[in-house]
Amino acid sequence: MRTFIFGLIIFLAVPSAHAQLTEGDGHVFLKYSYGGVDSARYHNYSVSGEFFLNPYIGLNYNFDLMFRNDNIRQFHSSVGALVGPPLIVIGLITAASNNNDNDDSQFNLGGLGALLGLLILVAPDGVSFHIPVSYKWDISPYANVLGIDFVRNKNTNHNNFKYAMSFGCKTTYLTYSHFTLNAFVETRKVAGMGWSFGGGFGIGYAIGQGEENDDFIPQEGTEF
Numbered sequence: 001m002r003t004f005i006f007g008l009i010i011f012l013a014v015p016s017a018h019a020q021l022t023e024g025d026g027h028v029f030l031k032y033s034y035g036g037v038d039s040a041r042y043h044n045y046s047v048s049g050e051f052f053l054n055p056y057i058g059l060n061y062n063f064d065l066m067f068r069n070d071n072i073r074q075f076h077s078s079v080g081a082l083v084g085p086p087l088i089v090i091g092l093i094t095a096a097s098n099n100n101d102n103d104d105s106q107f108n109l110g111g112l113g114a115l116l117g118l119l120i121l122v123a124p125d126g127v128s129f130h131i132p133v134s135y136k137w138d139i140s141p142y143a144n145v146l147g148i149d150f151v152r153n154k155n156t157n158h159n160n161f162k163y164a165m166s167f168g169c170k171t172t173y174l175t176y177s178h179f180t181l182n183a184f185v186e187t188r189k190v191a192g193m194g195w196s197f198g199g200g201f202g203i204g205y206a207i208g209q210g211e212e213n214d215d216f217i218p219q220e221g222t223e224f
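In my numbering, the protein residues as written are 1 to 224.
To be clear, the hints were calculated from the coordinates, so they are not data collected in a lab.
You can trust all of the hints, since none of them are fake.
Label pairs and their calculated CB-CB ranges: (1) Y45 / N153: 17 to 25 angstroms; (2) L112 / F197: 42 to 50 angstroms; (3) N160 / S39: 16 to 24 angstroms; (4) T171 / V89: 35 to 43 angstroms; (5) I90 / V145: 20 to 28 angstroms; (6) Y173 / Y34: 19 to 27 angstroms.
We put the beta carbon where it would ideally sit given N, CA and C, even for glycine.
Based on the provided sequences and hints, a complete structural model is requested.
Structure (structure tokens):
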């Protein structure tokens with residue numbers, strides 16, 4: 001939490017800076033992290049993405065698979081990824097069924113349900129705040145507060161869905177070929193479990209970068 005607050009203060013202090021990474025439409029990346037939770041250690045593997053709303057704010061999407069050495073497994077996604085698909089299916093079934101009965105009101109209700117499910121499906125896991133520190137480098141504190149974990153406890157053979165959130169800070173370098181390298185530290189909280197602390201690294205690709213960035217290589221002595 002303190003890392004997130006510190007990063008946010010820096011973000012508010014440098015609103016005129018410009019980040020090359022966020023000139024594009026988004027960023028997809030694979031990442032690995034290692035850390036501890038309660039008395040256990042974990043390895044976490046993730047597929048993540050960001051959609052940039054503007055040069056400073058991105059929407060986060062995460063799909064994580066955590067392996068703990070105490071025989072607990074956790075799969076993480078946004079709440080929308082869990083709730084959205086059933087609503088879409090129910091809405092489409094309702095619309096199709098009542099369309100056969102020539103019931104326009106029920107057809108519209110089913111269509112609205114499917115649309116609501118689609119909107120929930122694309123809801124992000126959280127938000128990131130991008131702070132450009134130099135050409136092609138940025139720092140981004142983030143808060144993911146709309147997550148859910150499917151938790152499998154192999155010791156008791158119990159499976160549960162639990163609310164999950166995370167806070168952290170990552171630094172990202174954008175190469176001239178649009179590939180990215182990043183490192184991060186974060187803390188996570190899953191309902192009924194302790195706070196976890198860890199860190200890791202990732203590799204990704206920046207989507208929608210302008211071609212003009214490929215042609216420009218900063219000369220020695222140039223400031224950004």
